[in-house]
Amino acid sequence: MADWTETYRPTTLSEVRGNDKARDELEEWAETWSDHRKAVIVHGSPGIGKTSAAHALANDMGWPVMELNASDDRGADVVERIAGEAAKTGTLAAGGAGRRLVILDEADNFHGNADYGGAREVTRVVKEANQPIVLVGNEFYDMSQGLRNACETIEFRDVSARSIVPVLRDICRKEGVEFEEDALREIADSTSGDLRSAINDLQAVAEKAETLTAEDVVTSERDRTEGIFDFLDTVIKEASAEEALRASYDVDETPDDMINWLEDNVPKDYAGAELADAYEFLSNADRWLGRVRATQNYSYWRYATDNMTAGIAASRREPKGGWTRYGPPSYWSKLGRTSGKRDTRDSISRRIAEREGTSLATARRELLPYLKTVTHHCSNRELTVRMAAAYELDAAEVSFITGSGEDTNKVAAIVEDAEERVGDRVLESGGDAFVARENDGEKPTEATDAGGGADGNGESGNDGDGERADDADGAAEQDAEGDDQSGLSDFM
Amino acid sequence: MFKAIVSAATLSSTLDSVSVLVEECKIHLDEDGLQIRAVDPANVGMVDLSLSADAFESYEADGGLIGIDLSRLEDIAGMAETGQLVQLELDEETRKLQIQIDGLEYTLALIDPDSIRQEPDIPDLDLPAEVVLEGRDINRSVTAADMVSDHITLGVDDGEEYFYVDAEGDTDDVHLELTEEDLIDLQTGPAHSLFSLDYLKDMNKAIPTDAEVTLELGEEFPIKLHYGFAEGDGQVTYMLAPRIQSE
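Protein sequences appear in the order of chains W and G.
Counting from 1, position 304 in the first sequence corresponds to residue 304 in full-length UniProt numbering; the numbering is continuous, with no gaps.
Counting from 1, position 57 in the second sequence corresponds to residue 57 in full-length UniProt numbering; the numbering is continuous, with no gaps.
Warning: the hint list may mix true and false statements.
With a straight-line Cα cutoff of 20 Å, these simulated EDC-like cross-link-like pairs (lysine to aspartate or glutamate) come out [unchecked claim]:
#1 334/W with 346/W
#2 208/W with 106/W
#3 201/G with 106/W
#4 127/W with 150/G
#5 127/W with 106/W
#6 3/G with 170/G
#7 26/G with 75/G
#8 38/W with 108/W
#9 201/G with 80/W
Covered by chain G, according to a simulated footprint, are these stretches of chain W (three or more residues, beta-carbon under 8 Å) [to be verified]:
#10 33-43
#11 96-110
With beta-carbon atoms standing in for the labels, derived distance ranges [said to hold, decoys possible]:
#12 249/W with 71/G: 19 to 27 Å
#13 209/G with 127/W: 56 to 64 Å
#14 117/G with 229/W: 28 to 36 Å
#15 59/W with 96/G: 47 to 55 Å
#16 180/G with 35/W: 54 to 62 Å
#17 118/G with 127/W: 25 to 33 Å
#18 71/G with 69/W: 20 to 28 Å
#19 198/G with 347/W: 38 to 46 Å
#20 105/G with 69/W: 36 to 44 Å
#21 69/W with 168/G: 33 to 41 Å
#22 89/G with 254/W: 36 to 44 Å
#23 69/W with 209/G: 51 to 59 Å
#24 360/W with 71/G: 37 to 45 Å
#25 52/G with 59/W: 53 to 61 Å
Hints are computed from structural coordinates only; laboratory data are not their basis.
All values reported here derive from a predicted model rather than from experimental measurement.
We put the beta carbon where it would ideally sit given N, CA and C, even for glycine.
The whole structure should be built from the sequences, with the hints applied where relevant.
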């Protein structure tokens, strides 16, 4: 069956419903276009007839239309080649004097990957245009300021339910659908200003029912997402196990998030034995979530959801009522507050793990707590210094492990001592390397001077010192040039 | 029903003259030949092509309409060597085009014609000047103009009786005059219009250098270009809307 929003799309401006003032402004703009030669931005909510009005206008004025909408690829080059060309060129029928209407649909959406650079190009096209342009968009302020300033503006308002009902009535008559007036009003009210959705809803209902009644409309309400707070209220206070599970289908949260919401809010209404039961189920749910993480088998999500929703509902023993202040999971805010601390902990653990040859988790769980105990408040100073030296800890990290204040003299002195030991250790073990490097620097050739200067230089990083020492001059020369290109002299 | 055998060269030049403007097109399979009409996405250039049944080795059709992806079919036609024949047959059941080139079979999925941009009405224009010249002169003009600018002026000097091409760049200019002697034919009339070179360049690609091309021109009016191919059994008409000359 043909789409009614297409079949009953207005062909002339006078058929555009519910936005009389905007409609007249648009007509006025078109008629005076030769004088002001400005583009116009038509903006407003979805489904209220902006694009339809633009097409109807072109039809009224007898202008051919060039439309670029979001389903086209709209990179800068496409905008320039198609919209730019259309905006600068006359028409096939009337040449240079002919008008053409350029419609750029969803003009607030010229960004993202496919539209890369498109937005800037649109502004350029608008400024250089020799033809009328209508930019259609939902969010006026999503368009760049340059673009907004270059255009006139017409706002389309949401269509009132009072204006939607007659449109629906017209369509019913033309389609030969019997209807109750209440049914149409119900549709108009429930779509809140969106005429296109209203017509789509009407068609959906009319396909099922012989005669439209208000009940048909109510039972065929659009899918919509339920807010998390209503959902908590349902699961915790009212629903049976099955209802609770069904309610979760309409909530836009993953089980991972949902369990946090439930776990944090259940104790606000449950107490004693029923709370214990509820947590039993939450713990089951959490284990299933763990299995999902471990196996990446997301079909286990259903068992997690069963447990957390139906489980909580089934644990309820006393009727609940009243209003409860539910809040977002405290787990999340805790994560946010502690992120700095956890970063420090992980960075220490990583160095411990590296040095001790353990896993990160072992370092964190089994080594770090012992270190904390033996160095508590730096009371065993020698041990603390050795630890700081071994893992190359800075003041903040020493403070994290020992619990002493970061800015105290005690911690500062320990870090200083530790650094000294690290320095000694490097000198001891790296002695040979430094000797080799000194020899290298003493080579009398010009080229190795440059090479020697590159001690701490990334370029020479790939040449081992030893290699350079016994290499011929040619290689050193090449180094000085600073790239991988061989010179002719290499082959002579 | 549609079944035809055609030389690869004829098929390729047919497709090439349409693909310079659009990526997809509708083909009318009439009893006496093919018809293609298409307009580019910006509504600026148009092509009207007919290829009579005489251009085919054999041709049978009863007025069907198919939609094709031009670059696909061009690629397939490109598989044939010079002088080879291509056999085309429409499978009504599956709505696919069976293509055979010397044992190579290719089944091409067609596009729903309703999903392709509507075919344009051909405007009825009375253009005062007419210039007939060789394809290579168009090629010269377009190539030279392209060196300096992205648009080109075409006109006819009514008094002095010559056809001229102008392109003005930021620093360099190109000017070409062709008198009646250089041309195959010239009917003078007031004509002077500015066109986008991008489009003319593309159209020029499809025009054979030895073809006899008729240009119809007016004052700030669209240009019409006609030429024949497939030994006169095919006819192409391009139309291109003029640039608006900003004052």
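Verification of the supplied hints:
1. 334/W with 346/W: Given that 20 Å is the threshold and the Cα spacing comes to 17 Å, the pair holds.
2. 208/W with 106/W: Violated, at about 33 Å.
3. 201/G with 106/W: 32 Å, violated
4. 127/W with 150/G: 19 Å, holds
5. 127/W with 106/W: 18 Å, holds
6. 3/G with 170/G: 54 Å, violated
7. 26/G with 75/G: Holds. Residue 26/G to residue 75/G sits at ~18 Å (cutoff 20 Å).
8. 38/W with 108/W: Status holds; Cα separation ~18 Å.
9. 201/G with 80/W: Holds. Residue 201/G to residue 80/W sits at ~17 Å (cutoff 20 Å).
10. 33-43: Our answer is that it is violated, as 0 residues pass the Cβ test (under 8 Å) against chain G, missing three.
11. 96-110: Three-residue rule met by the region 96-110 of chain W, so holds; n is 4.
12. 249/W with 71/G: 19 to 27 Å: 45 Å, violated
13. 209/G with 127/W: 56 to 64 Å: The hinted range 56 to 64 Å is violated for residue 209/G and residue 127/W, with Cβ atoms some 40 Å apart.
14. 117/G with 229/W: 28 to 36 Å: At 49 Å between Cβs, range violated.
15. 59/W with 96/G: 47 to 55 Å: 37 Å, violated
16. 180/G with 35/W: 54 to 62 Å: Violated, at about 44 Å.
17. 118/G with 127/W: 25 to 33 Å: 30 Å, holds
18. 71/G with 69/W: 20 to 28 Å: 23 Å, holds
19. 198/G with 347/W: 38 to 46 Å: Taking Cβ atoms as reference, residue 198/G and residue 347/W lie about 58 Å apart, which means the hint is violated.
20. 105/G with 69/W: 36 to 44 Å: This hint holds: roughly 39 Å between Cβ atoms.
21. 69/W with 168/G: 33 to 41 Å: Holds: the Cβ-Cβ distance is about 35 Å, inside 33 to 41 Å.
22. 89/G with 254/W: 36 to 44 Å: 53 Å, violated
23. 69/W with 209/G: 51 to 59 Å: 40 Å, violated
24. 360/W with 71/G: 37 to 45 Å: 54 Å, violated
25. 52/G with 59/W: 53 to 61 Å: 37 Å, violated
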